[in-house]
Amino acid sequence: MAILHPDKNEFDALVKEEGVLFVDFFADWCGPCKMLAPEMEKLAAEFEGKAKVVKINVDKHADLAAEFKVQSIPALFVIKNGKVVSQDLGYKPYPALQSMLYRVI
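Going by the working numbering, the first residue of the sequence shown is number 4, and it counts up by one from there.
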């Protein structure tokens, strides 16, 4: 499954669904966010059918960033069945990202 880039309404609908979301709040100008991008692509491929990988551009969706109290990026959230179950900040190597998902799947 490809990485999803939802608007606010689409994101709200995704959160309400049963299942797991891995959410990356990012910005195009953010160096660590750019480093994280290929890792997120790998994550989306590995966890296809088990979790949805979502990227939210904080410059385009400041309302969602505020809702999640994002003050630094990249900000990573794992949401399961509508509830945040894990979160972290900054660039993470691929094994750390996998671990965030393996703990909830």
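Any given hint might turn out to be false.
Said to hold, decoys possible - EDC-like cross-link-like pairs, simulated, lysine to aspartate or glutamate; straight-line CA separation at most 16 angstroms:
{"no.": "1", "residue 1": "K83", "residue 2": "E20"}
{"no.": "2", "residue 1": "K86", "residue 2": "E70"}
{"no.": "3", "residue 1": "K11", "residue 2": "E42"}
{"no.": "4", "residue 1": "K95", "residue 2": "E42"}
{"no.": "5", "residue 1": "K11", "residue 2": "D91"}
{"no.": "6", "residue 1": "K63", "residue 2": "D10"}
{"no.": "7", "residue 1": "K63", "residue 2": "E13"}
{"no.": "8", "residue 1": "K72", "residue 2": "D91"}
{"no.": "9", "residue 1": "K58", "residue 2": "D91"}
{"no.": "10", "residue 1": "K86", "residue 2": "E42"}
{"no.": "11", "residue 1": "K86", "residue 2": "D31"}
{"no.": "12", "residue 1": "K86", "residue 2": "D15"}
{"no.": "13", "residue 1": "K58", "residue 2": "E13"}
{"no.": "14", "residue 1": "K58", "residue 2": "E42"}
{"no.": "15", "residue 1": "K11", "residue 2": "D66"}
{"no.": "16", "residue 1": "K63", "residue 2": "E42"}
{"no.": "17", "residue 1": "K86", "residue 2": "E20"}
Honestly, the hints are just simulated from the structure, not real lab data.
### Query
Among all the numbered hints in the text so far, which are the ones the structure does not match?
Going through the list in order, the structure violates hints 3, 5, 10, 11, 16 and respects the others.
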